[in-house]
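Could you put the whole structure together from the sequences, leaning on the hints where they help?
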Amino acid sequence: MSTIAIADTQRTATPAVRTRLRLTRRGRVVLTTLAALPVAVGILLAVINGGQASAGDASRAGAPVHFETVTVQPGETLWSLAEQTAPDADPRDFVQDVVSLNALDGSTLQAGEQIAIPAKYSAGN
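Numbering follows UniProt numbering, in which position 50 of the sequence shown is assigned residue number 50; successive positions increment by one, without gaps.
Just to be clear, a hint being listed does not mean it is correct.
Subject to a maximum C-alpha distance of 16 Å in a straight line, what follows is the list of computed EDC-like cross-link-like pairs (lysine to aspartate or glutamate) [unchecked claim]:
id	residue 1	residue 2
1	K120	D88
2	K120	D97
3	K120	E68
Please keep in mind that the hints were generated in silico from the structure rather than gathered at the bench.
Dropping the structure here:
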């Protein structure tokens, strides 16, 4: 067997020289551009969208909607209401207007339900 003698050598740690990070003009431009890019994209998307998400339908927002309330009888449908209430109007337009005015999920009605009918389809018009 052989043994190897390792000499104990001491290394003195020399402190690492730290230099302060200096940004060049080009580096500042790149950093500023990267920081401002998300803001610019957000503004661009808002301009392209035209504020539609916040404004909604501005043409109908201020106009009051006049309507009459009708109680649904057993067996009545929106189509039968269209034939009774507005026989001269297109039933598809009537159904679409009633569904949007009452925020209905579909064209099914429950007996006893109160349904708002736009005034333009009322018997007086």
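| said: Under the constraints set out in the numbered hints, which ones does this structure not fulfil? | reply: Failing hints: none at all.
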